[in-house]
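Throw the hints in and build the complete structure from the sequences for me.
Protein chains: 2
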Amino acid sequence: MNASSPPAHLLAAERRPLPAAMLEALKARFAERCATALAVREQHGRDESPFDVAPPDCVVFAQSTEEVAWVLALAHEHHVPVIPYGAGSSLEGHLLAVQGGVSLDVSRMNEILRVNAEDLTVTVQAGVSRNQLNNEIRHSGLFFPIDPGADASLGGMAATRASGTNAVRYGTMRENVLGLTVVTPQGEIIRTGSRARKSSAGYDLTRLFVGSEGTLGVITEVSLRIYPLPEALSAAICFFPSIDAAVQTTIQIIQMGVPIARCELLDAHSVRAVNLHDKLGLREAPMLLMEFHGSQAGVAEQAETVQEIAREFGGEDFEWATTPEARTKLWTARHHAYLSALQTKPGCRCVTTDTCVPISRLAESINESVREVEEAGLPYFIVGHVGDGNFHLGYLIDPAIPSERETAERLSAQMVQRALRLEGTCTGEHGIGLHKQGFLVEEAGEGAVDVMRKLKKALDPRNIMNPGKIFAL
Amino acid sequence: MNASSPPAHLLAAERRPLPAAMLEALKARFAERCATALAVREQHGRDESPFDVAPPDCVVFAQSTEEVAWVLALAHEHHVPVIPYGAGSSLEGHLLAVQGGVSLDVSRMNEILRVNAEDLTVTVQAGVSRNQLNNEIRHSGLFFPIDPGADASLGGMAATRASGTNAVRYGTMRENVLGLTVVTPQGEIIRTGSRARKSSAGYDLTRLFVGSEGTLGVITEVSLRIYPLPEALSAAICFFPSIDAAVQTTIQIIQMGVPIARCELLDAHSVRAVNLHDKLGLREAPMLLMEFHGSQAGVAEQAETVQEIAREFGGEDFEWATTPEARTKLWTARHHAYLSALQTKPGCRCVTTDTCVPISRLAESINESVREVEEAGLPYFIVGHVGDGNFHLGYLIDPAIPSERETAERLSAQMVQRALRLEGTCTGEHGIGLHKQGFLVEEAGEGAVDVMRKLKKALDPRNIMNPGKIFAL
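Line order of the protein sequences matches chains A and B. In the working numbering, each number is its position in the first sequence, counted from 1, plus 74. In the working numbering, each number is its position in the second sequence, counted from 1, plus 74.
Rather than coming from a laboratory, the hints here were simulated on the basis of the structure. This structure is a prediction, so every number in the text was calculated from the model and none was measured. Wrong hints could be hidden among the right ones.
[To be verified] Here are the in silico distance ranges between beta carbons for each label pair:
| no. | chain 1 | residue 1 | chain 2 | residue 2 | range |
| --- | --- | --- | --- | --- | --- |
| 1 | B | Asn205 | A | Ala147 | 48 to 58 Å |
| 2 | A | Leu112 | B | Ala147 | 51 to 61 Å |
| 3 | B | Gln491 | A | Glu305 | 35 to 45 Å |
| 4 | B | Gln491 | A | Glu192 | 14 to 24 Å |
| 5 | A | Arg188 | B | Glu449 | 29 to 39 Å |
| 6 | A | Gly421 | B | Ala147 | 51 to 61 Å |
| 7 | B | Leu350 | A | Gly519 | 49 to 59 Å |
| 8 | A | Gln137 | B | Ala546 | 55 to 65 Å |
| 9 | A | Thr406 | B | Glu449 | 56 to 66 Å |
| 10 | A | Gly519 | B | Arg188 | 14 to 24 Å |
| 11 | B | Gln137 | A | Arg495 | 21 to 31 Å |
| 12 | A | Glu140 | B | Gln137 | 47 to 57 Å |
Glycine residues also receive a C-beta, built at the ideal position from the N, C-alpha and C atoms.
In structure tokens:
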């Protein structure tokens, strides 16, 4: 661990005890929906990050906004930390109860409250997952595009400002959340935004809570933009002689303004991993996995333009996923890349990076990172939302060998510093959590982080909402 | 005036005196760039709103971020209000010095600092106007789409979360600002965001300052997304038998997901006004003014689809603006609609509304508003960014006849209450300013406005930044 990544075990020293009176009150109201069994607590004290478990003192399964408000009012009274929990798919330690307290599980708040097909909006409870939403609206010819790899909850996706493979065309949670129901740290219920597409009505509270990582309140309902399924939709694979060639192709696509819907890089390691996991039989070479949305003519036109660009950089002829089944198989494999890669080294953990840079700097950003990890000799894989300038390099480390983690953290820090030099960000979509707090200061500067701290203290003066995340207070 | 629109003259009672020591310090540093002449102060104490002038005590013309920081540190020390001033084109009283203080004019900070054509980003000083930017980048085949009617400054456009005619396709300032340089109320310079397209690095300070109406700090630099000029671009006019027919057509266009770039409604009154002002010779009937962007084939396809939809609702054959000159003439006339309408009733002022509703509610929103103003007998005009569900109904009132203003305010309040019932917002793009503070509370609720107040107090505890705007503290 280096100075840029504060170790969880140190933060854990700040644990605050859970007052007996509070636990009694929770048990009285929630009965078996207030769990203190170690297994449940441990399951809620971890996420997909490589950190050790930091279990909460208890887990409460809320079923309504009112229940969330009741828990927060109680926690506020007792100065007890509350960590909102959705699907548990964070990669940055967001869910670890580093100061103890209550894990507030909203996964049972999984009702799709309203579908307004005619306005292309939906309102869902925070525990609804992205797949659940898409399964519900698909029959109406609609879809919700934001797709982090995991089947995350929409509340959690809002809280980490998530994106995924479609962001290059459809934007991230930042652009697709219309409004929220939020419970404040004092237990008050507020509503941000409306169902209008745009508004200049006061401070943009919606965008303040989107990406706040559970540190300013609990998101209990989310209103989202949805989209008509495109008339035509086609997915293609293109193999390249090198990662650089695939990246140069991507840069050209974006600079020409081609409205590509998905443009994903997989390096040869990732292709090998998904081959093993999903029996795909793909050639193990760097590839772009792309998707085009539009009218029949529009899709054909886009694909032709992109094929031409790819050829200039040595890309091969597109291989098409022509049936919906073939397409789904490919994208499912892409979404399994992280888990697939973990399985290539039994018992390993993954240190994942998430830099995002302006598109013209992407080649430098990736090429240098590859050079460094090759030199260091750690196993790794790369998947990238390269159309956005965002990619993930995963270092596969043996948790029993401290030097492997140290190497991974060193490489990760170098990559972030390069991204910042290139005017990018340390995190495109995973958030700061526990792991990137030093990077945030390097990126935003002490002055901007101080402004964030002032906002946090103003809304949560007792520091009960997911304390220890994003920044030290 | 009704309870929803706090009268400026009451707020003016809170004027704080400008300490002599502060004025001396400003004069010593800025010499003739610190003006106290009544004419300059009055020019800076008004905007395009119908409110009376509330002049500041002095006007400082800043030329750099450092000068802005110096002024704010001084104002903070002396507890003196500062009102950032760009182009003076606010419609909601944002620029009125209702508590006195310094108008900080950044219009001389008008340098385009960087154009990164390969990343489709620019960085400009806050005083650069949208036309200045477009004139600078057009030769590179690029454009910036956000276009409020006036040739506003980009700092001011960020501060009010402005949009305009292209928002239906390209989004508003919310979606198009990548990052900001901001001077805090204590005079510290911070940078928000990076040049990356997306980021999950901490609280979204960029989106907090976008739309903060000068109440949280002074925006001195703005990094923006820009776009390649489309390969093909065509503008068309379509006349309809009624406003309702034009609106129903719009609803259908949006619901079908046609990627129309501009979709503007002008009622017969607006057409008459622009005819008089710009000698257009258009038929004086409700019309949609539309623009299509894309490839040659894509534009033809979109136009064909839209023409078909329009015919279903009685729309006539499209009339095309085939040359760039004809197109520019049409859009210039559209942008002059507000001024043109003012000239149809000499000596009048305009009370402008700005509601925005989900697209399926737009017909009800407009039709009822038209019915009410026709009943009341006030002269009016309608222009609308109807593709977004946003329209402006302007009531033309004689300032010497108080009952006309009362009627206009009553109708405006009814319109807002209807928009809120229809799950929309009281302001799509003009902001709250002085005029809509009551509406903001009705829309967001006391709880959410309290959260806004907490944020304001945390960042500006001495309430020096544009005090009296958005909400009462």
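Tested hints:
1. Distance hint for Asn205/B and Ala147/A: a CB-CB separation of about 52 Å, consistent with the stated range 48 to 58 Å.
2. About 54 Å separates the C-beta atoms of Leu112/A and Ala147/B, a value consistent with the hinted range of 51 to 61 Å.
3. The hint said 35 to 45 Å for the Cβ distance between Gln491/B and Glu305/A, and at roughly 39 Å that hint holds.
4. The beta-carbon spacing between Gln491/B and Glu192/A, approximately 22 Å, falls within the hinted interval of 14 to 24 Å.
5. Distance hint check: the CB atoms of Arg188/A and Glu449/B are about 34 Å apart, consistent with the given range 29 to 39 Å.
6. At about 57 Å, the beta-carbon gap between Gly421/A and Ala147/B stays in the expected band of 51 to 61 Å.
7. Distance hint check: the CB atoms of Leu350/B and Gly519/A are about 53 Å apart, consistent with the given range 49 to 59 Å.
8. Gln137/A and Ala546/B have their C-beta atoms about 38 Å apart, which leaves the hinted 55 to 65 Å range violated.
9. Checked against the hint of 56 to 66 Å, the C-beta distance between Thr406/A and Glu449/B comes to roughly 59 Å, which is consistent with it.
10. Our hint of 14 to 24 Å for Gly519/A and Arg188/B holds, since their Cβ atoms are close to 19 Å apart.
11. The hint said 21 to 31 Å for the Cβ distance between Gln137/B and Arg495/A, and at roughly 29 Å that hint holds.
12. The supplied range of 47 to 57 Å is met by Glu140/A and Gln137/B, whose beta-carbon atoms lie about 54 Å from each other.
Taken one by one, the earlier hints fail for this structure only at number 8.
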